[in-house]
Amino acid sequence: MLWLVRSAVVIIYPRTPTLPGAADCGLDEFLKKFKRESPLLIWLGTVLGALVFHLTPLFTVYLPLPAFLLPAKLADRHAARITSTNVYLVRQSVFLVKLCAGLCWGAHPEVRKVFALPALPSDPGTWRTT
Amino acid sequence: MSHVAFREKGEDFEASFEFVVVGSGAGGAAAAATLSRAGRSVALVEAGAWREPDDYPHSAYGGMRDLMDEWGAQVTMGRALWPVVQARTVGGTTVINSAICVRTPDDIFTQWQAEHGIGDLRDAVLAAQDRLEVDLSVEEVPPKAWGRANLLAKQGEDVLKWADPHPMKRYARGCEGNGQCLQGCRAKKKQSVNLVFVPEVLTRGGSVVTCAPVDRVLFEGTKAVGVTGRFVHPARRTKGARFTLRASKAVVIAASVTHSPVILMRSGLKLPALGKYFRAHPGTGVFGVYDEPVDMNVGATQGWASTAFRVNPGLKLETLAIPPELVASRLSGGGVQLMERLAQYRHITMWCHAVRAESTGRVSKSLFGTPQVHYTLDRADMERFRQGMVLLARQHFAAGAKRIIPGIAGMPYELTPDQVGLLDDAPLDPQKYIAILSHLFGGCVMGKDERTSVTDGNGRVHGVQNLVVADGSVIPTNLGVNPQHTIMALAQVFAERLV
Chain A
0 MLWLVRSAVV IIYPRTPTLP GAADCGLDEF LKKFKRESPL LIWLGTVLGA
50 LVFHLTPLFT VYLPLPAFLL PAKLADRHAA RITSTNVYLV RQSVFLVKLC
100 AGLCWGAHPE VRKVFALPAL PSDPGTWRTT
Chain B
0 MSHVAFREKG EDFEASFEFV VVGSGAGGAA AAATLSRAGR SVALVEAGAW
50 REPDDYPHSA YGGMRDLMDE WGAQVTMGRA LWPVVQARTV GGTTVINSAI
100 CVRTPDDIFT QWQAEHGIGD LRDAVLAAQD RLEVDLSVEE VPPKAWGRAN
150 LLAKQGEDVL KWADPHPMKR YARGCEGNGQ CLQGCRAKKK QSVNLVFVPE
200 VLTRGGSVVT CAPVDRVLFE GTKAVGVTGR FVHPARRTKG ARFTLRASKA
250 VVIAASVTHS PVILMRSGLK LPALGKYFRA HPGTGVFGVY DEPVDMNVGA
300 TQGWASTAFR VNPGLKLETL AIPPELVASR LSGGGVQLME RLAQYRHITM
350 WCHAVRAEST GRVSKSLFGT PQVHYTLDRA DMERFRQGMV LLARQHFAAG
400 AKRIIPGIAG MPYELTPDQV GLLDDAPLDP QKYIAILSHL FGGCVMGKDE
450 RTSVTDGNGR VHGVQNLVVA DGSVIPTNLG VNPQHTIMAL AQVFAERLV
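Protein chains in written order, with numbering that gives the first Met the number 0: chain A, 0 to 129; chain B, 0 to 498.
If we strip away everything but chain B, and leave its shape as in the complex, we get (with noise of 0.2 Å):
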């Protein structure tokens, strides 16, 4: 047995193995392909589809039904309603990402220490972050990927003389600069865990199970066995066979922020900080137009990053390529007004921010079952958010834009140079502005302490055995950077623990 894809009623399917692992995105491939180099069988278990890149959409359209979760459609319960972005597929996240790569920051240790009672975990996550980056071939953009919108994104960060401590890189190899990262790397460029992670554990003898969310984690008294569920075919959506995978050694959730929790609840985990401490980086864009036509879909998607407001004000700034699907929906107004407004596609691109948020959300389980995530950004994020707009409005400036975009309810459609101290007014209500949320933490935290976090420091789920949690819901903080480098880390290391 290798890969098992969706089966129909009455092909239950049932195996054992020494570690069953939940989820095949950044923390799930990570931690299986650490465990099948140490010898271990491993099955990895994905809600997704399995598809190679040359079953990747084109649109996105195509994207949001084959490799998004929900479609893409989950949404905030709060104020506004926002988007939570997450794939389902074999790879998660890292297929439909921009594969940026930056290493946890040495502060966010020392608060996991402070914070947190987690000590010893700096020195193996960069270790095994060194590892990292050759498995997944980490490199800076090449200049023949850039396209104009990164390089006009440069030149504007040039002019105003941002020092960036953590220049990027990313998860790619000769990157040509297709623009298509959002819709999965169909020229192989791009190294999401599909390709490299998951087929390591297919040579190693482990066996990967597609087409199969996992209903609930197995117990025997407080020790977990293993996971069951039933498979759903990925196009028409109906349920199939039952799948039971046993565990001798242990289960590894690692099915997301939003579904590792609630796979823990519906086994009926009590554990008090269970769904809690959910944070995010909730981000924006905001267009500059520009007189030459800048094609931001010609280069890479997310071709320019800056940390340089990381720690002060708390945000993130990166270039972010839609194509015209996207921009359609984005630009507001309706009728001739929003075809006139499309018509300057050619010469506008989005930069946006991710806000490195404090404000804290959960997740709960639906009447359905499924994931809800109730969070509202509070006022000290909502201004950072703001000043993070300002920031991207005056680096279109000094990039040469004439007039910028920036989508903002009841605020004029285009701002001139002259106005842009407008934005320093702008309304502090989410509801004001169309927003995600792009890197997600939380809602199984590690900790200490019982009562304020569901795993220890080794992902270990408190008061049970055998069940260890190892993807992005571990992560107590945020981090202020992407957290693939982080989540992958911390899996590996988990992983290495186990065995």
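In isolation and in its complexed conformation, chain A is listed as follows (with noise of 0.2 Å):
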């Protein structure tokens, strides 16, 4: 499953020569600390965003294969053409993956470099207990 979230957010945000991928920002431990804190019925939706991400390249670059296996160019025309489908309900599953994406490349210090932030700290994750 991580993998195939992992393949999709991989096409959706690709390196570029200004900007850092997603895979440049520590998406592997990012997802497992998603999958392993995110609610269920998160995890299992953007799991299920991912599989309509790979499943739906008939109707965007009309080829009989899963995005996974699609040439580079084609991948990238895919992922620009199925976030922005008139169809709702794929819209928003490929979302999911988007949003839980952004969520790692956007605090990521060498993209918060580009942008001339500074780096965010760890999250402390702690409480009161007393």
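By construction, these hints were calculated from the structure, which means they are not laboratory data. Small disclaimer: the values here were computed from a predicted structure and weren't measured. Backbone N, C-alpha and C fix where the C-beta goes; we use that ideal spot for every residue, glycine too. Incorrect hints may appear among the rest.
Interface residues of chain B toward chain A, partial, derived using beta-carbon atoms under 7 Å [what the hints assert, rightly or not]:
1. Arg-50
2. Glu-51
3. Ala-59
4. Met-338
Work from the hints to combine the two standalone chains into their complex.
This is the structure:
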């Protein structure tokens, strides 16, 4: 399941000359943490979104292949088209994957550096017990 | 006993008080502080954990995990799946909002009187708001905290000559413009109620019980006598010991617009209006793209707002700085196209609207006993929604934006000033928009008629004794302004009338 989500995220947030891609931003550790910490329904929704992403190239680039088997250029075109499809539930499913990965990508020090923002310290995850 | 947090199974917890207040957000904390000031014995019960500013997360991920109810993933059931944003922590949504303080407009009291038979709240609410503005150090945004995004919004407003009858103030003392309102203000400048009222309850001898979602209200006959539930671990989310808190005088429910009605449903109340008349301020944002960097995350998260359009067409406009984590999913597209759009981050800034929507929905109990919100905007509200986007677009262009990003599915990604007319014909289908419901009302609305309301004008639930609702769920109309000030004032008035 992690692999399914990861492969969708890497296509949606690729590395470009100006910005690091999701794969450069500690994605594997983040996904493990996300799976461990998020409510089950949110994780399942993200997996479902990734599944929808991989199974729909037939409708975007007209090839009966899962997205992870597409050549890079076609995978990129699929990402652009499926994230703005007119089919609402498909768009929303993929949006969940985008949201999850955006939380990882946007908080990474390298990305924040490009945007002239200071690096974020780690979240304490603590609370008052007494 | 002062603060009781999570307890493991087998360590059941029971205690008795005069008043038990469920929910430590704007309504609950304000009510509990008022009861404590009157020398009453009070327990304040909160479903979430108590996080001090040093415990606040830094990232948006941490904010969703540590501070939001259901990770911010609760969505409306209806034509579109729009998130219903609320917090679950001591201090409630006051921890994650931008602390905007607007007095209850006069026409609201008139409407409550005419449509709901509630006629004696105006003077008491306004007096409470006077006191709240002192308690919570209300002030205008200081110049050092403006940041370019808010200054541009002001500039656009000036060019368009919008007259705002309620200049913006916030519950913030010496804001430094860290742009961290949504993750909790670690600088302790925002006066969220967890920093003011909750400690006051403790100081005055009250108790705070956290990680303690209330399952139901306990009754003896028709008299509310306490609440019960099971502790839930804030990280593991596993259930712990049972807690039972008895109240000799009253139980005050202030668990939020979605949770309060559902607690009453789980408690077996069968009032015809329970869960009905849910209302909200649905809203969305329009990005402006500027030649020079705007750096929207520098400066107050929401340092500019306008109520100029509250009455006609029924809109509130605000700036809203969101971090790269959220912009990443908010901008449409995927692949290299998305990354090229994200590369503009420093040059974009988002301003949003909140629609004073007349559509109503309902809150129901799901199969799991959790709240479900059923809500869809009607055509008239969608027209307002679209009008708001036109206003924001014009404001961006008046401020010097070169293009705007409306974020409407099926429309061009960007519009130039000469294309802004396209927005007049933008679709009215809610599915075409990425929106959220931020300010929530109803579900336990107050009124004179027991068939159409859940409580009377003092928040007392019809047909039972010693049970009061004191949060946004009692508000029977859409305010058209940020509701925190009204919620806190109503809660304090209801609490004053209990003692």
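Going through the hints against the structure:
1. Arg-50: Hint on Arg-50(B): holds, closest Cβ of chain A at ~5 Å, below 7 Å.
2. Glu-51: Glu-51(B) check passes; min Cβ-Cβ to chain A is 6 Å, inside 7 Å.
3. Ala-59: Hint on Ala-59(B): holds, closest Cβ of chain A at ~6 Å, below 7 Å.
4. Met-338: 4 Å, holds
Checked against the numbered hints above, the structure violates none of them.
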